[in-house]
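Engineer: Chains as they are written, first to last, in my numbering: chain A, 1 to 233; chain B, 234 to 427.
No lab work stands behind these hints, which were simulated from the structure alone.
It is possible that some hints are incorrect.
Below 25 angstroms or equal to it, Euclidean Cα-Cα: the simulated DSS-like pairs (lysine-lysine) are [what the hints assert, rightly or not]:
| no. | chain 1 | residue 1 | chain 2 | residue 2 |
| --- | --- | --- | --- | --- |
| 1 | B | Lys367 | A | Lys2 |
| 2 | B | Lys249 | B | Lys270 |
| 3 | B | Lys413 | B | Lys385 |
| 4 | A | Lys2 | B | Lys312 |
| 5 | B | Lys312 | B | Lys367 |
| 6 | B | Lys335 | B | Lys312 |
None of these values were measured; they are calculated from a predicted model.
Take a look at the letters that make up each chain.
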Amino acid sequence: MKFRNSLRKDFLLLLHSPIPIVSLFTVSLTVILIFFISLEKPFPLPLAGVRSISWCLVFLLNFILVGQALYEERELGAIQINRSSYGMTTIFISKLVVLWVGESLVIFGIQLVTAILFQEQSLENSLRSFCILTLGSIPLLSLGIAFGLVSAEARYQELVLPLLQIPLSLPVFFLGRETEFRVLQRGDLYGLFLFLSLIVFYTALCLVLLEIVMGKGPISPVLDPKNTKTGEK
Amino acid sequence: MPRIQVQNLTLNLGTKAIFKNFNHIWDGFGLCLLEGKNGAGKSTLLRSILDGHPSICVNATGISFLGHDLGLYGSLTVKENIDFFCNEFSKEGISDIEEALKKWGLWTRRDFPVSALSRGLKQRTAILRSFFTKANIIMLDEPVTGLDSEGKDLFFDQVKRLSNNNLILVVMHDDLEKLKFKQRIRIDGLYEIS
């Protein structure tokens, strides 16, 4: 029930302010067009080059999506109330699900545009790329949401968040790109298994981190009443 | 019965100690006032209770909090905010939420995003959010800020009613004569760290 409420609220937030999705897609399209126009012909561009552009876009746009989504939580202090009534695990998972759906839409757009412009791969490979990119966005979003919530009350949140997020996001970026390349070129499923393990590890790590740092509820064990004097300061 | 037990609470803000070995127990239902000068640490104490400071023990079904931040989502409508925060915890059901929205003058604006409301209407929404809860501890930090006289009267009526079966901690500076407090705690003075 709690999770359903939280999920509903996050979807409503996404629907009420669709600007993040639209702006993400616009920025992606702009970047792809810049590459498309500026790269020398003849096409097709090497597969690795096109895939790297997509991964860079997902890596960078993840920051924008998470930043805008967490702004809603911070703006009027809703996260503080949510935290005590819903718990960090519920908040984290519902936000992850909703942002993942949103980001998947943008990734679909990126795939479509790159497939049309660069014509570098078959429909089947495009679908595989889409799946790996959307899977790769899970740990990136997990890191963003976890560190975003942890640093929500930090004075220099805009500075703290990227400093925490970028170093830990890089392994996902590199392994994801490598996995996609291997799957598309050689059908290497062992690499995919490694990548899935990394996704599970990162998501679990973020959840544990949140619970340790912020998960302490307001109801705590009973203290010793003998040592407490009423009204003394 | 709701109970808050503060034992040897020491809180520092920079080089200043706001509380040093502060002890207190709030026990049972009723309305309790926290008073003191600006910067004395009243809001900090409420935040510490909410955040579950290790020196504070709370026995309750939950804590509802209204602080300086309203605890609402600006892009959600009034109804969506109340539904989200109260759906799980409503004591009296959805029909009472509708009734309350009408009573508090929010029914005609129920489909407005909170960010489009005036300060007073935002405050009314936040008060409603903090009142419709299964929590039996309610903490209100300067709750009448931005309310007009009608809003204040509604608030005082509601607080009187809720104090019969909830522990309510309230920080207020004005209109104190309109409420009957079970307990008044004065918090003032900063302590230098020696």
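Engineer: Each hint: holds or not?
Structural biologist: Tested hints:
A threshold of 25 angstroms between alpha carbons decides the hint, and for Lys367 of chain B with Lys2 of chain A the separation of about 14 angstroms falls inside it, so the pair holds. For the suggested pair Lys249 of chain B and Lys270 of chain B, the alpha carbons sit about 16 angstroms apart, so the restraint of at most 25 angstroms is met. Between Lys413 of chain B and Lys385 of chain B, the direct Cα distance comes to roughly 15 angstroms. Compliance with the 25 angstroms bound is thereby established for this hinted pair. Distance hint between Lys2 of chain A and Lys312 of chain B is fulfilled; the C-alpha atoms sit about 18 angstroms from each other, no more than 25 angstroms.
Distance check on the hinted pair: Lys312 of chain B and Lys367 of chain B sit about 18 angstroms apart at the alpha-carbon level, within 25 angstroms; holds. This hinted pair checks out: Lys335 of chain B and Lys312 of chain B have alpha carbons roughly 11 angstroms apart, not beyond 25 angstroms.
Taken one by one, the earlier hints all hold for this structure without exception.
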